[in-house]
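Number of protein chains: 2
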Amino acid sequence: MKYTVTFEPDNIEIRVDKGTNLLEAALAAGVHINATCGGQGVCGKCRVMIEAGEVDSEKTEKISQDKYDAGWRQACRTSVMSDCTVRIPVESRGLKLVIAQQLDMGKAERKVSALDTKPLAEGWKLDPMAIKVPLRLSAPTLQDNVSDLTRFSQGLRQQHEIEDISADVRCIKAMPKILRTNDWFVTATLTTDPVRDAFLPGIEKNRPWKLVRIEGGNTSDQNLALALDIGTTTVSGQLVDLRTGMGLAEKAEYNRQIQYGADVITRIVFALKPEGPKKLQSVVVSSINEVIDELLEETGKSKKNISCIAVAGNTTMTHLFLGMETRYIREAPYVPAAASMLLDVAADVGIDLPDCVQLYTFPSVASYVGGDIVSGILGSGVFQKEELTLYIDIGTNGEIVLGNRDWLACAACSMGPAFEGGGIKHGMRADLGAIEGFHINPVTLEPMVVTVGRTRPRGVCGSGLISVLSELLSACVIDRNGKFIRTLPSDRVRKGRFGYEYVLAWSEDSDTGHDIVISEVDIENLIRAKGALFAGCLTLLESLDLSFDDLDRVIIAGAFGRYINLEKGKLIGLFPDIPVERFHFLGNGSLLGARLVCLSSGMLSEAERIAKMMTNIELSDNHSFMDKYMGALFLPHTEAHLFPTVCEYLDTKCQMIQSERNA
Amino acid sequence: MKYTVTFEPDNIEIRVDKGTNLLEAALAAGVHINATCGGQGVCGKCRVMIEAGEVDSEKTEKISQDKYDAGWRQACRTSVMSDCTVRIPVESRGLKLVIAQQLDMGKAERKVSALDTKPLAEGWKLDPMAIKVPLRLSAPTLQDNVSDLTRFSQGLRQQHEIEDISADVRCIKAMPKILRTNDWFVTATLTTDPVRDAFLPGIEKNRPWKLVRIEGGNTSDQNLALALDIGTTTVSGQLVDLRTGMGLAEKAEYNRQIQYGADVITRIVFALKPEGPKKLQSVVVSSINEVIDELLEETGKSKKNISCIAVAGNTTMTHLFLGMETRYIREAPYVPAAASMLLDVAADVGIDLPDCVQLYTFPSVASYVGGDIVSGILGSGVFQKEELTLYIDIGTNGEIVLGNRDWLACAACSMGPAFEGGGIKHGMRADLGAIEGFHINPVTLEPMVVTVGRTRPRGVCGSGLISVLSELLSACVIDRNGKFIRTLPSDRVRKGRFGYEYVLAWSEDSDTGHDIVISEVDIENLIRAKGALFAGCLTLLESLDLSFDDLDRVIIAGAFGRYINLEKGKLIGLFPDIPVERFHFLGNGSLLGARLVCLSSGMLSEAERIAKMMTNIELSDNHSFMDKYMGALFLPHTEAHLFPTVCEYLDTKCQMIQSERNA
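Respectively, the protein sequence lines represent chains A and B. If you count the first sequence from 1, position 292 lands on 291 in numbering that gives the first Met the number 0, and the numbers rise without skipping. If you count the second sequence from 1, position 599 lands on 598 in numbering that gives the first Met the number 0, and the numbers rise without skipping.
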């Protein structure tokens with residue numbers, strides 16, 4: 000059920016779901032309301048008057064009975080229950096004109112859950128990695144006493160026209176008993192045999208069926224797969240029904256390797272210790288097992304229903320998961336042990352599933368362009384389209400792929416952990432209390448702060464940092480070098496221990512009891528991170544004689560990417576300044592591709608082909624990249640012609656703000 | 000150095016090696032010398048007079064100084080050191096005419112050690128199961144930072160034109176360090192990838208190279224294979240140099256599974272117990288490990304020089320070795336779990352070798368025609384020749400293969416353990432003190448007994464039983480039903496507790512302090528065993544409208560078979576009565592074939608083809624077999640026309656003996 004909320008006096012409308020928090024509705028509409036406690040209701044600043052319509056809002060200490068009776072409410076404690084009209088008090092209001100000129104990003108497609116996302120790849124049919132076929136065999140006689148395995152294979156040939164088969168030894172061992180205790184009526188699970196060892200590049204392989212499981216009776220109605228994305232921070236999994244192609248559930252857990260380091264580099268360093276690789280493998284597997292348990296619990300399915308797993312991860316995650324040497328990924332010239340490395344049995348690496356469950360791992364391209372990117376390119380269909388696409392996966396490393404169905408080039412640029420809160424004084428992950436929504440009144444410089452869970456602020460998460468940075472910029476609180484304007488009439492901008500800073504939350508509003516700030520040092524780190532990504536994209540384009548204008552599509556992938564406000568990303572120069580309709584938010588593209596290979600053997604071959612097709616362009620010693628990186632250390636960029644729309648918007652807005660401030 | 004020994008007064012000559020024991024020379028020449036202590040020198044009966052030539056013989060208590068000076072010696076304590084003339088005293092002498100009429104078997108080719116045996120298979124070239132190639136790679140740079148595995152594969156392609164490769168995950172894991180600590184100069188071990196799982200029948204597979212090991216520097220001069228025959232009683236192994244194709248050493252140990260039962264049936268019964276399969280697998284592997292240690296100790300080679308193992312064994316041994324279900328091999332209709340079952344890593348079943356060592360297991364045909372027979376057919380070249388061949392492997396089961404390059408039929412008949420000493424009162428294995436050589440004086444009925452190790456007799460081994468049985472028959476001590484002649488004038492033939500028996504050794508001559516005898520019950524068991532084998536051969540031939548006369552060759556294989564006297568085997572009806580030159584003794588054919596697959600990838604494919612090509616004829620419910628079996632329970636056979644030469648010989652000899660006895 001959707002309702003329209005009209006904010007007065009500027010008459011700004013927004014359609015929201017029933018029950019939407021009013022403060023968040025205002026934030027989404029670009030309506031400024033002072034709010035400093037993150038949404039917990041304790042600062043009492045976000046008072047609004049409900050002029051019409053129905054809301055759900057308790058009476059709080061911050062609103063007197065008189066005021067309450069008159070229709071005043073705390074926006075952060077109020078849910079929208081019908082169409083309504085809300086008046087913003089004068090002390091909260093920003094500039095109407097400014098608001099009206101915000102860049103529109105509503106047209107960019109955005110999916111929140113990969114479970115809801117249809118693979119963009121086309122032309123594949125349901126031809127899953129594992130199939131289950133029932134078999135009714137005749138009992139042996141003295142005249143026909145071939146081995147059980149031979150009888151079984153004859154049955155497959157005669158009843159299902161399946162010819163080209165190998166069989167797992169564990170399966171052969173179990174076969175005699177299962178056949179006889181089930182009166183020779185059984186169900187065979189067959190998997191396409193991706194590769195049981197790593198095949199060296201350039202070699203095409205047949206992928207014959209492999210017999211991995213026999214069960215009594217007909218169990219062919221239960222055939223599931225698990226698609227997994229092993230991220231540096233998060234392990235995500237989907238349970239997929241191989242008969243229908245439907246995703247049944249999606250779960251995510253922190254990658255427990257975090258305890259040994261926040262990024263791949265610190266984990267590689269940890270892996271140099273004697274027991275390091277073993278510990279890192281064991282904890283990531285325990286995270287995976289947890290995701291599996293949650294998926295099964297939610298769907299009421301059993302472990303024995305799972306036939307196969309497809310795993311996508313960056314090169315380091317994949318190496319650690321399989322117990323491979325990672326040392327040389329970190330040291331120049333950045334060489335992985337193997338680009339293509341596949342095991343056959345999930346249980347062999349410790350995954351808590353029956354030992355018949357087959358494991359497929361996506362091939363990688365280079366040390367910093369891994370199987371997750373190959374999987375994303377597969378799932379996004381970039382490799383099939385004539386359109387020129389730029390695929391961006393934002394994380395500690397920004398991975399970029401450029402190309403179409405004829406060619407693919409890729410690069411990785413070290414953005415550093417700034418956008419994940421690393422190296423930022425009050426940076427944090429998107430946990431409870433992390434500032435994610437932020438708006439600033441350009442005249443009063445008072446903020447509107449919304450946190451994850453609407454509790455008192457504890458810090459700022461990645462998407463919050465982008466909001467904060469773009470707001471500071473577009474409200475003329477910082478200049479385009481990322482330095483604070485020194486003359487602003489607010490105690491929120493001050494000189495702190497580490498240089499100038501803006502106080503996002505005073506100690507009395509924060510959960511930590513300390514002021515929460517963003518400093519010029521933090522801003523410098525963020526500018527470096529966004530600069531690296533942008534320079535990477537530009538270098539990749541120019542190395543192929545292309546420019547942003549040539550792009551038909553930009554796909555933003557990555558779990559983090561899906562929370563980023565496109566407009567704000569453009570404002571700070573993180574994303575190129577091209578029309579909004581060319582942008583697509585994919586969500587977790589890696590997980591999408593992993594689901595796709597479970598569903599289609601043809602796509603599984605395509606994944607191997609994509610990995611071989613991608614040309615990696617090493618940026619770390621690329622002079623052109625270094626030049627472009629220096630040029631990008633500006634908001635949005637030193638070269639204004641690269642961001643025409645953004646620069647025009649900023650120029651106009653700054654003029655207006657200056658005149659307002661001077662007034 | 001060979002010398003001629005002439006036995007007088009019958010002027011019988013034999014050529015023997017320098018140092019040959021004189022008693023054994025007499026036995027081989029068919030010259031009877033009374034000897035009852037097995038060759039230990041304590042009975043003093045084997046006195047002979049050295050009339051000319053040089054012998055090496057100590058003075059013993061049994062010969063007075065006068066006699067010694069006159070040239071008397073104990074034959075069992077005497078070695079031949081030149082051409083010599085030896086006179087047999089009258090009390091020892093048998094019948095000259097009889098001796099002269101002995102069937103000649105000298106022309107049958109006989110090999111004692113499989114190590115000396117050249118495979119009879121033809122047309123193969125040295126193209127071993129595993130190769131080692133040195134590789135000098137360039138170190139990676141930022142411009143060329145492909146994965147180690149990719150670099151490695153490029154090197155193989157450029158330096159050795161090796162393209163089609165997969166790689167073991169363990170190997171990829173070790174690769175980064177080995178490459179860097181050896182300055183990118185390494186040696187790769189590649190194996191033909193027989194099958195990493197069991198391939199179902201009827202499917203042709205590519206056998207691409209598989210990378211299994213990387214070592215620093217150039218180690219390609221050390222590349223060994225292990226050929227193994229897992230017999231029910233004995234585990235035999237050969238160490239093979241894959242560069243030259245030479246066998247370096249051969250060793251054998253008892254299969255320690257013996258403690259759980261002497262034959263496959265009792266072991267299958269033991270395997271029904273909860274821990275049975277695990278125990279049986281573990282002990283046979285410990286026997287294999289012992290053989291490996293001995294081979295390495297003898298040759299001074301190291302475990303790390305071994306690249307691959309080929310294993311041949313009967314179906315039950317192979318199942319137990321790999322830990323597969325054996326229950327249904329024993330129960331009608333006798334179905335193995337799998338005919339073709341292959342693991343890839345020897346260490347996975349517990350063999351104490353590095354985990355890069357690849358394991359190939361021969362495919363079997365049926366529950367009682369196993370990989371050892373497939374291996375024997377391969378090694379013997381039967382599958383390549385136009386000539387029609389009957390291949391016989393004698394053991395607890397008699398396995399028979401009939402055919403040529405166009406077709407192969409096989410059958411197994413349960414001979415029982417009689418020829419291995421099982422179910423025979425004083426039967427034993429061919430250990431120290433086992434009677435193996437036996438001759439009888441048809442007039443005095445005194446025996447000539449030679450034991451393994453020439454020590455006091457402890458019992459009779461398999462080849463000894465054949466000697467004893469044929470001697471009792473041809474000396475008219477038993478009739479053609481296997482019953483003792485009741486009227487013989489010797490206390491050696493007597494009625495014992497279990498019916499009539501012949502005393503092979505009196506208690507004072509034996510090592511056990513008891514009389515060692517062979518009884519009518521024992522003889523019955525032996526007749527059943529030889530009857531089963533002969534009936535099996537006949538059934539197989541007749542089922543294909545063939546007779547023994549159609550055979551171009553008979554190959555006798557099996558470690559036991561190589562000690563059998565062909566003539567004596569014919570006499571009792573164990574072997575068909577066809578010309579001696581058609582017989583070939585192969586020794587351990589199974590081991591021979593195992594060596595061959597190590598040396599030639601082509602032969603490895605042939606092994607798989609042979610297994611599929613063989614048609615198994617089940618004898619257990621075959622009425623024709625049962626009839627033929629009944630007919631064969633006679634010495635040599637109820638149908639004299641099947642043994643024309645033997646019957647004529649026996650008739651003539653018996654007449655002579657009767658007239659001599661009557662004289």
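Wrong hints could be hidden among the right ones.
The list treats identical chains as interchangeable, and a pair is accepted whether it falls inside one copy or across any two copies.
[Unchecked claim] Capping the alpha-carbon separation at 20 angstroms, the derived lysine to aspartate or glutamate pairs in DMTMM-like fashion look like this:
#  : residue 1 : residue 2
1  : 424       : 523
2  : 482       : 445
3  : 66        : 23
4  : 172       : 347
5  : 172       : 274
6  : 424       : 7
7  : 272       : 12
8  : 176       : 274
9  : 611       : 143
10 : 611       : 162
11 : 652       : 478
12 : 1         : 55
13 : 61        : 430
14 : 172       : 330
15 : 482       : 650
16 : 611       : 430
17 : 176       : 330
18 : 303       : 143
19 : 172       : 580
20 : 277       : 297
21 : 176       : 510
Treat the hints as calculated values from the structure; they're not laboratory data.
Each hint, compared with the structure:
Within a single copy, residue 424 and residue 523 get their C-alpha atoms as close as 12 angstroms, which meets the 20 angstroms cut-off; across copies the closest is 97 angstroms, which misses it. For the identical chains of this complex, residue 482 and residue 445 are intra-copy neighbours only, at 19 angstroms inside a copy versus 120 angstroms across copies, given an alpha-carbon limit of 20 angstroms. In the homo-oligomer, the alpha carbons of residue 66 and residue 23 never lie at most 20 angstroms apart, since the shortest distance is 22 angstroms inside one protomer and 126 angstroms across protomers. With identical chains, the CA atoms of residue 172 and residue 347 are at most 20 angstroms apart both within one copy (18 angstroms) and between copies (15 angstroms).
When the C-alpha separation of residue 172 and residue 274 is checked against a cutoff of 20 angstroms, the pair qualifies only between copies, where the shortest distance is 15 angstroms, while the shortest distance within a copy is 34 angstroms. In this homomeric assembly, residue 424 and residue 7 never come within 20 angstroms of each other (Cα to Cα): the closest approach is 37 angstroms inside a single copy and 113 angstroms across copies. In the homo-oligomer, the alpha carbons of residue 272 and residue 12 never lie at most 20 angstroms apart, since the shortest distance is 58 angstroms inside one protomer and 79 angstroms across protomers. In this homomeric assembly, residue 176 and residue 274 come within 20 angstroms of each other (Cα to Cα) only across copies, at 17 angstroms, whereas the closest approach inside a single copy is 41 angstroms.
Taking the shortest Cα distances, residue 611 and residue 143 sit within 20 angstroms of each other only across copies (15 angstroms), while inside one copy they are farther apart (48 angstroms). Taking the shortest Cα distances, residue 611 and residue 162 sit within 20 angstroms of each other only across copies (16 angstroms), while inside one copy they are farther apart (29 angstroms). For the homomeric pair residue 652 and residue 478, the shortest alpha-carbon distance inside one copy (13 angstroms) is at most 20 angstroms, but the shortest distance between copies (125 angstroms) is not. In the homo-oligomer, the alpha carbons of residue 1 and residue 55 lie at most 20 angstroms apart inside one protomer (15 angstroms), although the nearest pairing across protomers, at 116 angstroms, exceeds that limit.
For the identical chains of this complex, residue 61 and residue 430 are neighbours neither inside a copy (27 angstroms) nor across copies (103 angstroms), given an alpha-carbon limit of 20 angstroms. With identical chains, the CA atoms of residue 172 and residue 330 are at most 20 angstroms apart between copies only, with a shortest distance of 17 angstroms across copies and 45 angstroms within one. With identical chains, the CA atoms of residue 482 and residue 650 are at most 20 angstroms apart within one copy only, with a shortest distance of 17 angstroms there and 123 angstroms across copies. Within a single copy, residue 611 and residue 430 get their C-alpha atoms no closer than 38 angstroms, and across copies no closer than 64 angstroms, so neither meets the 20 angstroms cut-off.
Only between protomers do residue 176 and residue 330 lie at most 20 angstroms apart by alpha-carbon distance; the minimum there is 13 angstroms, versus 53 angstroms within a single protomer. In this assembly of identical chains, the alpha carbons of residue 303 and residue 143 never lie at most 20 angstroms apart, being 33 angstroms within a copy and 45 angstroms across copies at closest. For a Cα distance limit of 20 angstroms, the shortest separation of residue 172 from residue 580 qualifies neither inside one copy, at 57 angstroms, nor across copies, at 46 angstroms. Neither within a single protomer nor between protomers do residue 277 and residue 297 lie at most 20 angstroms apart by alpha-carbon distance, with minima of 30 angstroms and 39 angstroms respectively.
Proximity of residue 176 to residue 510 under the C-alpha cut-off of 20 angstroms is found in neither arrangement, the shortest distances being 62 angstroms within a copy and 49 angstroms between copies.
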